[in-house]
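There are 2 protein chains.
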Amino acid sequence: MTAKERLVEAAFSLFAERGYDQTTVDDITERAGVGRTTFFRTFRAKEDVIFPDHEVLLQAIEARLGGATEQTALLAVTEGARLVLRHYLAEGERARTRYRLTRSVPALRDREIAGVQQYQRLFRGFLHDWMGGGEDTALRAELMAGAVVTAHNHVLRRWLSGRADDPLREFDAAMAETVGLFTAAGEDEASIVVFRTKKDLNALLPELNRVLGRNP
Amino acid sequence: MTAKERLVEAAFSLFAERGYDQTTVDDITERAGVGRTTFFRTFRAKEDVIFPDHEVLLQAIEARLGGATEQTALLAVTEGARLVLRHYLAEGERARTRYRLTRSVPALRDREIAGVQQYQRLFRGFLHDWMGGGEDTALRAELMAGAVVTAHNHVLRRWLSGRADDPLREFDAAMAETVGLFTAAGEDEASIVVFRTKKDLNALLPELNRVLGRNP
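Going down the list, the sequences are from chains A and B. Numbering follows numbering that gives the first Met the number 0, in which position 94 of the first sequence is assigned residue number 93; successive positions increment by one, without gaps. Numbering follows numbering that gives the first Met the number 0, in which position 44 of the second sequence is assigned residue number 43; successive positions increment by one, without gaps.
Treat the hints as calculated values from the structure; they're not laboratory data. The reader is advised that the hints may include incorrect statements.
Pairs count within a copy or across copies, as identical chains cannot be separated in the list.
[Said to hold, decoys possible] Derived lysine to any residue pairs resembling SDA-like cross-links, with alpha carbons at most 25 Å apart: (1) Lys45 / Arg102; (2) Lys3 / Ala172; (3) Lys45 / His153; (4) Lys3 / Leu100; (5) Lys45 / Leu167; (6) Lys197 / Ala113; (7) Lys45 / Ile112; (8) Lys45 / Val104; (9) Lys45 / Val24; (10) Lys198 / Asp20.
Taking the hints into account, I'd like the entire structure generated from these sequences.
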């Protein structure tokens, strides 16, 4: 285990045992068997310990957005948000502990809100650039970025509170609904999609019909 | 001037002169010529003084939503948001001072975020009820409420930073764009609108064409 991982584990167990306000940075470093200097080389402040991968996730999203073409910009945004959800799912119990903490400790709730705003700003800037960056599309970019984050948080919250059995599937449906708001085709518009697959078409077709909004 | 209004005036000028953190409740009551007891009968805490009409606005929105029919629910939501914008516009310089304060004082920014979340929750609950309250419409209600608040804040921020000459007109256009996302008619759907007006039709028709998305 790295020093960072030991600090995170120590912090999460101490917050659960004593409460956030009753735990000091010294308590955390002592339990982790790591020096105070290492703590502050790794984290800026105590509240940052419960979002240890925030910067890594932001960079992963930026990398995903950076690889998009004009045709795949919206897909890149939804996949960027999907990276965050998958990260929480992989965390498992730790994500649920964080959820309890952010709902009860104002400092952590503020830290979370600030983090969500960073994602949203990243998406908004990317989408606005994609739209040409003009003043006439600023609101649309903000609405899209806000909607993607809202949909992500909606599914995440359902999973954290034990109401989503298949969160990735719910996420994909939520993103289809969200992106659909902004991409409703006009009466005369239609797209032809060509793809190659090794999947069994009998299994694929019902899913495709769902995605395309057709009744089975 | 009521005691409340004197307290608000005193607080805003002291915050501007000395800064928020350097001003105590005693400083405010002293300048306002009002007792400390009166302060805490009027406001829960120091940070509430800069949003003195928050509760009144929430109640005004609730009243507006309460008067809606099934057919006018969306209009009621956009008009609810419009009440808030008009309130800020009427405040004028005080709204701009608050904007400077919320951007520089964390406690006030938190108070503002909490206030915005209250509006959003109110809209979301109303819209979700309007949609029947089922689990299948929970995301849609959340997306709509979020979009209305985003559009409101977009125009408000433009006005606060001196970039909107005609904020109410911008607001109406922003809401038309926002509501339009959720109400795009299908190919076979069309609505007939009947209304009575005393306005000059020559002046009204170009505006109607704009609202209906027709080119002049």
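Hints not upheld, ascending by number
2, 3, 5, 6 and 10
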